[in-house]
Amino acid sequence: MSNDPVLDVEQLKTYFYLDEERVAKAVDDISFSIYPGETVALVGESGSGKSITALSIMQLINKPGKIVGGSISIASEEILTLSSKQMEKIRGNDIAMIFQEPMTALNPVFTIGNQISEILRKHKKLSNKAAQEKAINLLKTVGISRAEEIVNEYPHQLSGGMRQRVMIAMAISCDPKLLIADEPTTALDVTIQAQILDLMADMKEKFHMALLLITHDLGVVSEYADRVMVMYGGQIVEEAPTSKLLELTKHPYSQGLLESLPKLEEDVDRLGTIKGTVPPAYDFPSGCRFSSRCPFVMEKCKQSSTDLKKIDQDHFVRCYLYENGGSEE
Amino acid sequence: MYKYIIRRILVFIPMLIMLSIIVFALAKAAPGDPFTGKILDPEVDPAVFEQQREALGLNDPLPVQYVNWASKIATGNFGESMYYKGRSVQSLIKERIVNTLYLGLFALAITLIVAIPIGIYSARNPYSILDYSATTFGFLGLAIPNFFFGLIAIYFLAIKLGWFPAQGTITSTDVSGWTEVWDRVHHMVLPGITLGLAGTATYMRYMRSEVLDVLGSDYIRTAKAKGMSERNVLYKHTLRNAIIPIITLMGFEFGALLSGAIITEQVFSYPGLGTLFINSITNRDYPVIMAITLLLGVTILIGNLLADIFYSIVDPRIRYD
Chain G
192 MSNDPVLDVE
202 QLKTYFYLDE
212 ERVAKAVDDI
222 SFSIYPGETV
232 ALVGESGSGK
242 SITALSIMQL
252 INKPGKIVGG
262 SISIASEEIL
272 TLSSKQMEKI
282 RGNDIAMIFQ
292 EPMTALNPVF
302 TIGNQISEIL
312 RKHKKLSNKA
322 AQEKAINLLK
332 TVGISRAEEI
342 VNEYPHQLSG
352 GMRQRVMIAM
362 AISCDPKLLI
372 ADEPTTALDV
382 TIQAQILDLM
392 ADMKEKFHMA
402 LLLITHDLGV
412 VSEYADRVMV
422 MYGGQIVEEA
432 PTSKLLELTK
442 HPYSQGLLES
452 LPKLEEDVDR
462 LGTIKGTVPP
472 AYDFPSGCRF
482 SSRCPFVMEK
492 CKQSSTDLKK
502 IDQDHFVRCY
512 LYENGGSEE
Chain L
277 MYKYIIRRIL
287 VFIPMLIMLS
297 IIVFALAKAA
307 PGDPFTGKIL
317 DPEVDPAVFE
327 QQREALGLND
337 PLPVQYVNWA
347 SKIATGNFGE
357 SMYYKGRSVQ
367 SLIKERIVNT
377 LYLGLFALAI
387 TLIVAIPIGI
397 YSARNPYSIL
407 DYSATTFGFL
417 GLAIPNFFFG
427 LIAIYFLAIK
437 LGWFPAQGTI
447 TSTDVSGWTE
457 VWDRVHHMVL
467 PGITLGLAGT
477 ATYMRYMRSE
487 VLDVLGSDYI
497 RTAKAKGMSE
507 RNVLYKHTLR
517 NAIIPIITLM
527 GFEFGALLSG
537 AIITEQVFSY
547 PGLGTLFINS
557 ITNRDYPVIM
567 AITLLLGVTI
577 LIGNLLADIF
587 YSIVDPRIRY
597 D
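Going line by line, the protein sequences match chains G and L.
Going by my numbering, the first sequence opens with residue 192, and the numbers climb by one from there.
Going by my numbering, the second sequence opens with residue 277, and the numbers climb by one from there.
Keep in mind that a hint or two might mislead.
[Unchecked claim] Among chain G residues calculated to face chain L with C-beta under 8 Å, some are:
1. R282
2. G283
3. E292
4. P299
5. M361
[Stated by the list, open to error] Estimated spans, in silico, between C-beta atoms of each pair:
6. G:P471 / L:L582: 47 to 53 Å
7. L:F288 / G:H347: 27 to 33 Å
8. G:S224 / L:I405: 40 to 46 Å
9. L:K279 / G:R461: 55 to 61 Å
10. G:Y473 / L:Y408: 26 to 32 Å
11. L:S485 / G:E344: 28 to 34 Å
12. L:T412 / G:D380: 47 to 53 Å
These are computed hints drawn from the structure, not numbers from a lab.
This one's a predicted model, so the numbers in the text were calculated from it and none came from an experiment.
Glycine residues also receive a C-beta, built at the ideal position from the N, C-alpha and C atoms.
Build out the structure end to end from the sequences listed, making use of the hints.
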């Protein structure tokens with residue numbers, strides 16, 4: 192792996208100005224980097240800020256949301272300062288994104304071929320004919336067998352899994368440096384999920400992309416990710432290589448997530464849960480944001496919160512429990 | 277698709293028969309016939325009237341009368357007007373329908389030209405000043421009755437300011453070419469705006485909510501994520517989807533193109549089908565009333581068919597087979 196990150200996010204803050212008083216700090220001061228060829232998983236419950244992080248990178252935050260601070264660079268080039276015209280050249284070309292809902296992510300009134308070729312015409316300046324041919328090839332690459340027919344079909348004629356393959360074909364069409372997949376398999380059948388994830392892993396290898404995989408499924412994480420970032424309340428609470436995070440889980444929230452997974456080797460009557468729900472982003476508890484649900488909560492957690500601290504060379508945790516170099520009581 | 281259209285047209289036949297029965301029954305249910313309500317020549321023997329009734333078939337049993345009437349209509353013969361002596365119903369309608377069609381199309385054009393851009397603008401800038409003004413105007417447009425708006429327009433724009441003529445279709449029949457076209461358009465402005473007012477408000481609100489809906493959809497986010505320009509996202513991805521319900525609406529409005537003008541034409545003394553219709557009602561000119569009612573029914577049927585056809589063209593999810 193080279194040392195220049197594909198994506199470098201520094202102190203990114205994306206706030207939603209709901210009304211006069213309430214500001215939802217959906218993404219609050221997060222920093223991370225993704226290196227070429229790496230698969231990084233961003234894990235957390237609904238409402239923890241994963242998708243907003245992804246959309247912030249794409250600069251597709253809608254009103255009343257706004258990126259209020261920080262920096263995002265793609266291949267060492269700052270993109271937050273770009274004009275919207277310049278940003279159009281980055282989207283789909285340098286960074287591509289796949290969404291959660293394949294059923295609604297494709298425009299119902301245009302053919303598959305039209306929707307794939309328009310991105311090639313835009314970024315690669317291909318002619319209509321060349322773009323259409325490339326579209327057929329791309330469909331074959333993502334494992335669609337009747338590609339010549341599918342290009343002339345409409346999204347409603349395809350199944351969810353097929354549509355997600357089309358989305359992947361679109362995403363890889365311009366050889367992006369980074370592919371962001373926002374819960375790409377959540378809406379799919381279990382049997383299709385593995386196929387789609389394997390396909391994405393294949394494509395990642397074949398096109399030398401880095402992959403930011405957003406998920407709440409730790410099973411997926413353990414299989415596909417090199418590194419994991421756990422997000423809670425708009426902040427990263429733990430970051431480590433996958434095996435380390437799964438085996439030496441430090442943050443109480445990460446532990447909670449793991450305990451809520453069924454395990455084959457253990458026979459339990461009831462899976463663990465994390466009590467309560469993610470507090471709304473405009474009403475986080477003062478102090479540590481997880482303090483309202485944490486089983487190990489201490490008095491000082493309610494007063495103030497700590498930073499993401501290094502407890503090992505590649506393991507970072509945001510928790511008072513590990514303040515003194517990671518000795519857990 | 278062609279099969280579907282042919283099948284739809286075949287379905288027209290029983291619908292038209294039903295329609296004609298209803299029209300016939302309504303006309304027959306109304307009291308009186310061409311010989312009642314007139315000041316009759318006292319010197320004429322009532323037996324002569326009876327004889328005339330017999331000769332015109334007015335004493336036949338209703339089903340026989342219906343079949344006689346319907347079979348004539350099927351050959352395009354709507355009979356003679358009872359009020360305008362010696363004029364066939366067809367020639368009366370033919371003379372007026374062109375005026376009404378022009379007026380209807382003119383009103384529709386105004387409606388679309390005003391409503392669609394404003395609707396799109398409102399959706400892209402919701403809660404802006406123009407959006408609020410458009411909403412207010414929209415509700416006013418829907419709430420003010422046509423005839424009232426027409427009267428206000430005549431009072432201020434025609435009488436007080438003298439910008440537009442208050443009635444008729446043309447000032448002088450001596451002109452030709454572009455002068456004539458211009459004169460006719462000038463005469464259509466006030467009735468056109470009046471006729472198009474409610475439609476403008478409706479289309480505007482539809483367009484706003486549709487565009488707003490589509491802009492928030494997942495596939496628009498996908499298009500943006502692909503790096504498509506703002507123009508492309510709006511004109512290709514958004515409009516193509518937002519226009520689908522508008523097309524359905526227009527299909528229904530096609531029928532209203534002829535029937536909607538009845539009151540407006542009356543207010544502006546515009547010599548169209550609507551004025552003819554109202555006059556025929558006051559004159560108990562049943563052949564004309566029946567013919568116009570049938571004609572309106574047919575336009576509505578055709579409008580619905582057109583809506584269905586266009587709908588399947590713009591929305592690939594709709595397939596008729």
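Hint check results:
With a least beta-carbon distance of about 4 Å to chain L, the hint placing R282 of chain G at the interface is held under the 8 Å criterion. At about 4 Å, the closest approach between the beta carbon of G283 of chain G and any beta carbon in chain L falls short of 8 Å, and the interface hint on this residue holds. Here the hint on E292 of chain G is kept, as its CB sits about 6 Å from the closest CB of chain L, short of 8 Å. For the restraint placing P299 of chain G at the interface with chain L, the shortest Cβ-Cβ distance is roughly 6 Å, inside the 8 Å limit, so the hint holds.
For M361 of chain G, the suggested interface contact is upheld, since its CB lies about 7 Å from the closest CB of chain L, less than 8 Å. Between P471 of chain G and L582 of chain L the CB atoms are about 50 Å apart, so this pair conforms to the stated range of 47 to 53 Å. A beta carbon spacing of about 30 Å between F288 of chain L and H347 of chain G agrees with the range 27 to 33 Å that was offered as a hint. One distance hint, 40 to 46 Å for the beta-carbon pair S224 of chain G and I405 of chain L, holds here, with the actual separation near 45 Å.
Range check, K279 of chain L to R461 of chain G: about 60 Å between beta-carbon atoms, so the 55 to 61 Å window is met. Between Y473 of chain G and Y408 of chain L, the C-beta spacing of about 27 Å keeps the proposed range 26 to 32 Å intact. Taking 28 to 34 Å as the suggested C-beta distance range, the pair S485 of chain L and E344 of chain G conforms, at roughly 30 Å. Roughly 50 Å separates the CB atoms of T412 of chain L and D380 of chain G, a value that falls within the hinted 47 to 53 Å.
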